[in-house]
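Participant: So you can see what is in the structure, the chains are spelled out below.
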Amino acid sequence: MDGILHFQDGSTLDTSSFLLLAALLFAIGAAGVMIRRNPLVILICIELMLNAVNLTLITFARQLQNLEGQLFALMVMTVAAAEAVVGLAVLVDIFRVREVEDVDELSELKG
Amino acid sequence: MVAVVFWVAFIVALLGGISVVWQREPLKSVLSLVAVMIALSVIFLLLSAQFLFAVQVIVYAGAVMVLFLFVIALMGPAREGRSGRLRFQTGLSLLMVVVLAGLAWAMLSGVQYRAPQKGDLNLFGTVEQIAAGLFSTYLYPFEVTSILLLVAAIGAIYLSRRERE
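Chains F and V, in that order, are what the protein sequence lines are. Terminal number for the first sequence in the numbering used here: 353, no gaps in between. Terminal number for the second sequence in the numbering used here: 170, no gaps in between.
No lab work stands behind these hints, which were simulated from the structure alone. All figures in this text were calculated on a predicted structure; none of them were measured in a lab. Incorrect hints may appear among the rest.
Stated by the list, open to error - If you only want the chain F side, here are some residues facing chain V, beta carbon under 10 Å, derived:
(1) T257
(2) A265
(3) I270
(4) N293
(5) M317
Yeah, the Cβ is synthetic: ideal placement off N, Cα and C, and Gly gets one too.
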């Protein structure tokens with residue numbers, strides 16, 4: 243199989259261009275997690291990576307015409323929402339005590 | 006037409022993603038991420054995932070991003086420190102990302118896809134089909150998900166309550 247997707251208006255697109263976009267977004271998000279220092283921005287970059295993964299799942303669901311990829315993407319969205327809620331609650335808790343400009347400042351648990 | 010829409014969404018998502026990392030202010034990063042999510046939702050629609058398109062716009066671009074905006078409003082315009090502790094961290098990160106993207110590209114260029122199952126594309130991804138999957142085969146994960154959301158809500162309330170003993 244060459245993985246070419248046919249659409250209703252007759253146009254075709256390659257599956258790998260969808261997967262390429264997902265891979266690039268995932269790489270950009272990973273770069274953000276490593277480069278940025280504000281903990282809030284790191285959470286935002288994690289959301290970006292999760293969205294890239296969702297795009298991969300939905301692309302393969304369409305290519306295989308199998309709905310399980312879409313169902314799993316729905317689960318990923320739920321888990322991402324839960325992760326954002328708890329992560330932001332922890333952040334608000336930390337920011338109430340002091341201003342954090344760099345996640346490396348939060349190293350009190352280091353032995 | 007579909008191809009044009011896809012490539013426009015591709016470029017918007019890519020530029021938005023770069024902007025998320027590039028912007029120095031968290032507020033602009035969040036707004037860029039909203040742009041990425043809207044572009045991705047358009048692509049979901051092209052991939053006949055109508056229900057996930059709606060969920061992406063309402064739950065992700067709507068609820069989760071508004072949550073981020075609320076936290077920024079609570080914390081004020083927090084800026085981040087310019088210099089890191091590890092001197093080569095930015096360069097090494099960029100190198101790793103280039104390697105990651107290169108690996109992905111190498112994998113994608115020679116991939117063999119499995120043949121699709123035979124099905125009606127007009128029905129694929131509709132709310133009806135999603136519900137049929139979610140409430141029959143995947144009922145157990147669906148219920149566990151509701152418990153996860155309950156735990157997250159309780160955790161958020163516990164973490165952000167005001168008084169401490």
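Participant: Return the status of the interface hint for I270/F: holds when the least beta-carbon distance to chain V is below 10 Å, violated otherwise.
Facilitator: It holds, given that the least Cβ distance between I270/F and chain V is near 4 Å, below 10 Å.
Participant: Identify whether the interface hint at N293/F stands, where standing means a beta carbon of chain V within less than 10 Å of its own.
Facilitator: It holds, given that the least Cβ distance between N293/F and chain V is near 6 Å, below 10 Å.
Participant: When the nearest CB of chain V is found for M317/F, is that gap smaller than 10 Å?
Facilitator: holds (6 Å)
Participant: With a cut-off of 10 Å, does the beta carbon of T257/F approach a beta carbon of chain V closely enough for the hint to hold?
Facilitator: OK, holds: T257/F within 10 Å of chain V, min 6 Å.
Participant: Can you verify the interface hint for A265/F: is its Cβ closer than 10 Å to any Cβ in chain V?
Facilitator: For A265/F, the interface hint holds, since the closest Cβ of chain V sits about 3 Å away, which is under 10 Å.
Taken one by one, the earlier hints all hold for this structure without exception.
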